[in-house]
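If you read the sequences in order, they're chains A, B, C, D, E and F.
Counted from 1, the first sequence has number 1426 at position 93 by our numbering; the numbering is strictly sequential.
Counted from 1, the second sequence has number 135 at position 134 by our numbering; the numbering is strictly sequential.
Counted from 1, the third sequence has number 406 at position 398 by our numbering; the numbering is strictly sequential.
Counted from 1, the fourth sequence has number 623 at position 289 by our numbering; the numbering is strictly sequential.
Counted from 1, the fifth sequence has number 226 at position 221 by our numbering; the numbering is strictly sequential.
Counted from 1, the sixth sequence has number 25 at position 14 by our numbering; the numbering is strictly sequential.
These are computed hints drawn from the structure, not numbers from a lab.
Only a predicted model underlies this, so the values are computations on that prediction, with no experimental measurement involved.
Using N, Cα and C, we set each Cβ at its ideal position, and we do this for glycine too.
Warning: the hint list may mix true and false statements.
If you want the footprint, here are the derived chain A segments under chain C, 3+ residues with CB under 8 Å [claimed, not checked]:
#: 1; stretch: 1411 to 1423
#: 2; stretch: 1435 to 1443
#: 3; stretch: 1446 to 1457
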Amino acid sequence: MNYELPLSVEEVENYFKEKLEDDVNDFKTEEIKKGLKETGIELIWFTVKRERFRDAVKALAELQTPHLSVASGSDMGENIELIYHFQINYGYPGKEISINMKVHLPKEDLNIPSITDIVPGALTTEREKQEFLGVNVTNIPDSRRLWLEDDFPKDKYPWRWDHEGMEEMSKYVHSEDDETFDKPIAKYPRKKEIEKKKNRQDTMEEEKKKEDGEPDE
Amino acid sequence: MDLSKTFDKALWVFHMNSGSCNACDIEIVAAITPRYDAERFGIKLVGSPRHADVLLFTGPVTTKMKDRVLRVYEQTPNPKVVLIIGNCGDTTGVFFDSYAIEGPIDTLLPEDAHIIYVNGCPVRPENIINGVKEAWIYLEKLRGDDK
Amino acid sequence: MSREKDTTYEVPIGPIHPALKEPFLIKFKLKGEEIVDAEPFPGMNHRGIEFMGMHRNPMEVIPLSERICGICSIVHQHMFTTATEHALSIEPTNRARYIRTIMCELERIHSHILWAGVAAHEIGFDTHLHFTWKIREKVMDLLEYIAGNRVNYSMWTFGGVRRDITEEMYPKIFETLEYYENLYEKLEEIFLEDPSIKLRTRGVGVLTKKDALELCGVGPTVRASGVKKDVRIDQPYAAYGDLDLDYVIPSRYGFENKGDVFCKTVVRLKELLQSVDIIKKCVEQMPEGEITSEPKKAALLNKLGKSAGEGIGRIEAPRGEAIHYVRLSEERDDVDCWKIRASTYNNLSTYAPMFMGEQIADIPLIAASIDPCIGCMDRAEIIDINRGEVQSYTKEELHELSVKKTKQITKGGVE
Amino acid sequence: MNFVLDWGIKFVLVLLISLIGIFLGLLYKGFDRKITAMMQSRIGPPLRQPFRDVKKLFMKETIIPDYAVPWLFNYAPIFALLPSLVALAYLPLGPFGPLMDGYGDLILLLYLLAIPAVAMAIGGLASGSPYATVGAQRELVLMMSYELPLAIAAVTLAYNYETFSVGVISSEPVWSTVGAMGFVGFALVLATLLAVMPGELSKVPFDQAEAETELAGGLFVEYSGRNLALFYIAEAVKMIFVGALLIALFFPYQLSTLIDPWISLGGPTIPLLEMGLWAMIADVAFFLVKLLVIIYVGVSVIRVAFARFQINKASYFYWVPMTIIGLLGTLLVVLERTGL
Amino acid sequence: MTWDTLVTNSPTFILGIPLLFAFLTALSGRFSKKIGDTLFFIALIATAFFVSLMSYEVLTGESWFYVFGAEQPSPENIRSFFRITFAADGFAVLATITIMITAVAAGIYSYGFMKFETGLNKFYTLFLLTLAGVNGMVLTGDLFNLFVWFEVTSVASCALVAFKNYRGESVEAALKYMILSTVGGLVILFSIGLLYGQHGVLNYALLREGITGSFIDKLALGLVMVILAMKASSVPMHMWAPDAYGEAPGSVTPFIAITSLGSLFVLFRLLFSVFSLTVVSGSILIILGTLSMIIGVSMALVQSDLKRLIAYLSVSQVGYMMMAVGVGLATLNTGDYDSFGELAMQGGLFHMINDGVYKALLFLSAVAVVHVTDIRSLNDLGGLAHKMPYVTFFFLLGALSIAGIPPLSGFSSKLLIYKSVYLYSPILAIVALVVSIITLAIIGKAFFNAFLGPDQGLVKRRVSKTMLLGMGILTVALVLFTLFPNIVVTEVVTPAIDALTETFEGVIP
Amino acid sequence: MPTQTIYTLIKQLFTKKATNPFPVKYTPENMHDAAELIEKDELEINPPVDVPPNFRGKLKYDIESCIGCQLCVKVCPSQALVFKEDNTVRHYVNRCTFCGQCVDICPTDSFEFTDEFLMAGPEKLYEDLVLNP
Ligand code: SF4
Ligand code: SF4
Ligand code: SF4
Ligand code: SF4
Ligand code: SF4
Ligand code: SF4
Ligand code: SF4
Ligand code: SF4
């Protein structure tokens, strides 16, 4: 089939099914209508097998320079789900489609190939996934820490739910309150401008009320 | 510390964001622009802590900024006053339970630091000027000028 | 003189630097006055907001999300609420959509004016900083009038907004819009015609269209290079679908799509005008009705704790596309997964091609040209797409590079 | 003995002039800040703000950074200030002729103008900060740049009067020594000098060396307290110096002589100075007004109406357009003098 | 031997003592190092003594001619006499003083500097030979004699350049220098031949009478001028200088500079005393001088080697002198001479003596830097001020002086130049002013690179006391010139000018 | 030449300034004296720029009407509200984000915004900053 921009949701779905056959599944398309004119926006979600993930991105890159918004990731219990949020059809008013590719990584084997060679802008988000989820991005050109400081514990990942220890690491600055609460110190001599201002406003309001009181009609 | 009267009337200010949400920071900039014009009190934003008399700290101090906050404090010549702008600098405010927060700022600074807290989230530019005014009063008290 | 020195030396700009209002570190390698290499280390500001959000309930997250960044605090609120609405299939009312649009555009006005002022300040033109910020106060007043505070508006809630824009507010809105329409000419005169500004902005910090596309840049930064990307048009949210908008790119106004700072200025100024139009239209078309579809807060709180789903909020912030991904689960009251992606996150990688070969004097201006907001950023890499490889340095290499002339930086320098 | 007495008196007078110079410098700096603020639609600081700033800076701790070379770091501010103060003694100030005359004058003044820049550069370099280093390099580059048009202007004037003595040059306004062509020539020379003025004083658009947004204060990043105050004063005095120099070279008019045909300002004659009291007061006031105008035109307005140039463009500005204008002026003057 | 005899014969001693001791130190190598050192210092001090003796006599009394060989020439036998004439006049005094200050400083400095080198006695010999040669060049009043001294200087200084002959670059530089010098000597010999053939005399005074400005005269003059200008490292024949300066053993670098200065002295003497206005106009000198100034300074702009940088700066300083003296020459015998020509001459010659001092100071402190760190490139240096405060101070003083910062001596002489040449042509003054400022910037930058910044631990050894003393002597001289420029100008420079413009008038020595 | 700019600037020199001279135009000699004078109403101060009618300033807490339902505590993003054993809440002004979620959710409208926003002082916790301590 010949795919020409702008694609429709069905075309996108077909395109991926054609290219990757059984390795993509769980297609879910959404259309959300917004505003008075009920203009719809379209999203498409699907899962791709990790082994074919790069092929999927490559396939996407054949259509249009892919715009990778971000990759989000979450701990789903037994596996970790990465969602790559791509956009396609940008530049065509109202036609843009969000393509959300999900990849599931089992907790025992958290490897995912890097796509920085296809989408140079993906590096930031890949590095981020490494440090926050403990995912290992293979062939990543730069695997340094991105956000966390260098001496952040190596085995702690803030976005994982199966980890002990993040709770201790995060300070609970406000928590000591009820028991250890000291009386606040004596009132610091404040100046009068606030009251003054209040008075001024009150008088203004009164005036206004007076004005309002006189019915217009 | 030698705090003559002139000191409060020529305050040079160094602004440092240690992880705030920028709202207070833009309000600080707003305070020097025409509507509020802090320069009429001799307040001047300077580019180096070495020139500063007043440090405006905002933000709950992220882990990565902690050392720099302290360094800036040390680099500033005495006498100096710290103005903590915004609730997130004062108590860490809305960012109270993160692994990446070291604050609040006043717990990091030495005991004898002169700190004025300016509350608000964000603080209005007038409140920043008000904070400077409080700093004056504070300094006058320190000197014993308040009778 | 200095140009003849053939060794390069390193100057770190930031994280505390007058040109950057937020903590943000870029290390520059210089040859004389010329930049031969730049590596940004953003993210001094990492507060772990996503982590905090994942430990609070959605209602608590709304004010938190607005404090990701206070420059245009509506953006993250908007995205978080729309993402959650998407996840739970809550429909905001149409009136709320219009109010949201108005607020977004008001914020765009304030943000672009702010940017213009900062850019002028970076090139040492404080007069225009004062001028632009003076006129910015007008929209700040209006925002305060509508939302009750100058920054951090707290307007959003699930299913709508929390404050209405009523008839009696219209005069003030129209007055403000008129004020900007009248001043627009003057702004254009200052920023597009003043010779000394032109001298500083023309041909500086060029981003080619190819680079812009490959590096996934967003917002005015890439529109100045002629890339047509604008979520408001591509994938309309709020009430944007009802307004016929067109991409603001320089070639539409008879300029070349060069991608330099000048073009970025053009784009931002023209967007300012576009925003004024949008607000006018919105106010005129605003439908009657409730401002929120979920007026009962306590019930809503209950509902949020019990439902599950995932959703995306994606909007065009003043600095470009930004996106939130939210997942809620039934077991936990708190947000299950929250991913924030602000505009600067993507735009930072466009620094590399923009900085190469420019002068120190242009650093602040170019840095400001993407209108960086560092709140959610930590570090980015310089990607040299000409060579197709990522220029990254190990710590050792970096250290070695800075042994000589930069010993002072590690300790004595004012950072 | 006479010699000693003579020099003693001169020394006291130089001291006096220095004090007056510092006072005026700070006052005019206050004026500059105030008027700048007003042009930006702000209220601005009170006129006395610079005095407060200086007083405060003197009170502050003076930090010497670890990487600095202490003696150079500490002496640089003094050497930035002294030349400007000394230079004032070589300039006619209002009704008073130059205190010291006949020591090379204009050339000496040019050098005295250059020394503060060098002292600042050395001080900046001695502080060991990378920002200061870049700043100092820029200062040197800038100095090399504006010195060319400056030299052209000075030599043209000297050529016209056949002397470098400022005393002689200021005794007769240039405009009346030449015909139409020379007049135009000198107008061009004046234009170059006005363009050099902000460069000399490191004001926008030529404040690259201390560009706050680029270099966090550049040369002065590491300076604090007393040293910074000295630099601050030096800058202020330099402003007076450059202003007074321009007045001496191009507008040495005295109010009393200007209005003499109509009103004669007599008043009791002051011994030693041999001039009428009222005339002197009028002339001093007139001088201050001229200074005000020069600073307003040459510093304040330019400062608010321009953006900072990039350093290479600033160099270009001085080396090419300004040099050409200056040389054109010289050419016209030479043509007129040689009678062609 | 009475005092008078000593005085009258002082030129002989000035030349003879170094020659004799050169021989002695060479011999002393067989015995002990101590003896060599002692002899060397005796020679230096004795020579200095006689220089001061001669200077005192000339400046307070009369100049005289010291003649070897036939006592009283008469117009008839003049052509056949074998005579060597030395002119002990104001100009010679100026030149020898300049040379001696540097020589003494460099000698003392070398003692500390070369302590650990082998074959020090050879070094002493060469040093003394060069000293004798240069002094001979400036004292002589006879062309052939000039050639002899020229050759002595060349050979000795070539050997000095190659002294550290275990270094390849030294030998290469020495070779270049050697070739140039030899060719130079031959060319001088050739032009001497030309002149002798024409006029049958070589004595300056007699030559001057004979010279008519024929083509041959002009050719001879041109050739001599070219060679001397080359030795003086004027543009466009300045290429050799940076190499030689860069490669010579540290302590003699200023001495090589002094041979250049010596050549310049000789050049001026020849131009004024022999050829005078009959053949040459000052404009050539002015043009060469201006070019030297500009090219020297712009080449210095791109140097990263400290010594080469100073070498190029010295090229541009030579330009000042040539320009100023050129203006003097150009206006000689016209009304302008009185109005500004003489002033220009004063400036030019005063600048020479100043230049001799501050250049030596700069070279010596630069050498000290290289000696201490083993680093020559400015890019690698830094932070020396922390460990070497004295050297920093000396360098700064020299630097400010070369840049002509008031009130240092460099300013006084440059001031005289500015104040005069603008009347000749305003452009010259502008160029001079601007070059001066650029010099300031360059030297300021060099100063920063080498001395300022954080301490980088580059200092490997200490600067010995004698080295400091050597620099100290120069500093004292510099300070004296700074404090009493008027005295120097009236007492030393003016007689020199008088000697240049008036001597040999009607006298046949 | 940026003549237009210069013209505007010179015009602004003479037009009314945009500055709101809060609290006084220039620094007074002694703040304390000035403050006292203000208190005695002998010195006029310039009020801040007017706040809009429903400005979100410092909160006002009506302890009487509170029923202790804790809904506000649940929605407070910064834990500025702490539930006390006596069935009331303590409010820390210096933690508050002034988001107003508590105002919205409170079934009895015990919380209310005031338009006070001038809060600064040298102590971290003084009475003004804690409601119902
Ligand atoms: S106090 Fe509030 S508004 Fe201010 S920086 Fe902190 S979070 Fe932002
Ligand atoms: S676009 Fe930038 S400034 Fe605006 S809210 Fe987002 S992060 Fe903040
Ligand atoms: S108890 Fe249930 S019904 Fe009542 S307000 Fe709360 S959520 Fe709503
Ligand atoms: S990028 Fe900056 S401005 Fe934008 S949301 Fe993040 S912090 Fe705020
Ligand atoms: S970078 Fe992301 S995780 Fe870090 S504070 Fe910002 S939003 Fe939160
Ligand atoms: S509204 Fe009534 S039922 Fe609901 S929490 Fe409050 S007191 Fe309880
Ligand atoms: S306004 Fe917001 S932050 Fe403040 S107490 Fe209420 S809910 Fe908490
Ligand atoms: S929601 Fe209202 S009634 Fe309930 S605890 Fe809070 S303040 Fe009291």
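Consistency of the hints with the structure:
1. 1411 to 1423: holds (count 5)
2. 1435 to 1443: It is violated, with 0 qualifying residues against the three required.
3. 1446 to 1457: With 8 residues in contact (Cβ-Cβ under 8 Å with chain C), the coverage given for the stretch 1446 to 1457 of chain A holds.
The structure does not agree with numbered hint 2 stated previously, though it agrees with all others.
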